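Q: Knowing the structure of chain E, use the given hints to seat chain B on it.
Chain order of the listed sequences is E and B. Numbering-wise, my numbering puts 62 at position 20 of the first sequence, and it's gapless, one number per residue. Numbering-wise, my numbering puts 205 at position 113 of the second sequence, and it's gapless, one number per residue.
Treat the hints as calculated values from the structure; they're not laboratory data. This structure is a prediction, so every number in the text was calculated from the model and none was measured. Cβ coordinates follow ideal geometry from the N, Cα and C atoms, glycine included. Keep in mind that a hint or two might mislead.
Claimed, not checked - Derived contacts from chain E toward chain B, CB cut-off under 10 Å, selection only: (1) Ala96; (2) Gly108; (3) Ser117; (4) Leu214; (5) Ile215.
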Amino acid sequence: MLKRALAIISLLLIGYWIAQGLAGVPFGQDRMLVAQYYLDHVKEQTGAVNAVTAIVVNYRGFDTLGEVTVLFIASTGVGALLWRRKKQRTAKTEGSIVLTTGTRLLVPFVMLFGAYIFIHGHLTPGGGFPGGATIATAFLLLYMAFTAYEIPHKAFEKTEGAVGMAYVLVGLIGLVIGGYFLYDWIWQDWGFGVDNIGRLLSGGFIPIIYTIIGLKVGTELSGIIDNMLKEEVSE
Amino acid sequence: MISVYYFGAISLILIGLYAVLVKKNLLKMLIGLSIMETGVNLLLVSVGYVAGRSAPILSEGIGPNQAVDPIPQALVLTAIVIGVATTAMALSVAMILHEKYGTLNVEEIRRLRG
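The following block holds chain B by itself, in its conformation from the complex:
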């Protein structure tokens, strides 16, 4: 069974990968990495989705048999936080590179080193 979430997730991953592969600006590459991360998270959440059920909050007439799988959601909660942490680290490395070389272009940074 192929759902629309599945295509959305794969296209987000591919868009992010394109940015990481082609773009030369470090910030744009980091944005691509974030988009990829969003795609992976969407994919994980959609694995746990069950058609016609509601969120796993068991109140107001929603019993254990009317809720979707809560485990992927809990895992994605973890993944989002780790993603924020890695993005913050990568951004501060980019700041240091910009201070040292005066540019964010990866090719120029490589040329300066050699």
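Extracted from the complex, chain E is given alone in its bound form:
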């Protein structure tokens, strides 16, 4: 009880402190100069309609490569923490008829929706990370519905490695053509899709990179799910 009272008092102090600190921040006011620059130039510099996507992939593409690396390290770390000599799925109960039938019907559409999200990253809200998470949700549905289901490990590991290398490769091609890492040669040099900004075939290399990120996030999150749902079995 004393602990709880102490916790509430310290929380009130921390809340007061945060509120005081934030009282000087102008909420709801006009934005800063960097954002204004990005918004003014995003269309002719990157060909993307969605400014958030352009910042994540074009202006801060290297940052996103680091982010993908963090996710990869986390997935590897989960695999290393939950490593066992012999493990398999030990789920006891099959999903109910609603779950199994719904899964059979919905899995292709959930995957299609994930692909839609990451292909349209330069036009609509979303992108590689939400799209990949949606695809992982499809595999989670399969895991919940069927006791014996497992993801195809060989294909998943190969895809994960290949798309990781593909991201670096896209960056290196930009280095060769334009002189810096992740140079958007499709937009800057070829001017591909200048006439149809706002339609699917535009946006330079953003759709390519977001497809890569979507596949990588999808395979990695599915791998994390797989590692967490398996248990050790004694011989």
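A: Below, chain B alone, put in the same frame as chain E:
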């Protein structure tokens, strides 16, 4: 100028902090950590919000002067992904602890060690 997002974000942070401080179950503490993370993300996004403007997708009559600040949104996109990664790591550590000690209560885990 104080907005409702500001109060929402601070109260989410405090609720999460309360769970981390008071709860004894590891899973509940992790849930508190996630709630705190949501509060911080909401705070960052609301810093970039400009009253009366729309999302930074420059089509259908929305020019550069009718959009909100896109940079906090891009940063929050990064933060969410990192949050998922850390949560997955913490959950697998919790699984190992549960296997080793048979409980998720932090105090009992401490007692077993000593």
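Q: All hints are to be evaluated individually against the structure, with a verdict given for each.
A: A quick look at each hint next to the structure:
Annotation: Ala96 of chain E was flagged as interfacial toward chain B, and the flag holds, the nearest CB pair being 8 Å apart, inside 10 Å. Contact between Gly108 of chain E and chain B, as hinted, is supported at the beta carbon level, the nearest pair being about 9 Å apart and thus within 10 Å. Proximity of Ser117 of chain E to chain B holds as hinted, the smallest CB-CB distance being about 8 Å (cut-off 10 Å). A distance limit of 10 Å between C-beta atoms decides the matter here; for Leu214 of chain E the minimum to chain B is near 23 Å, and the interface restraint is violated.
Taking 10 Å as the C-beta contact cut-off toward chain B, the hint placing Ile215 of chain E at the interface is violated, the least distance being around 24 Å.
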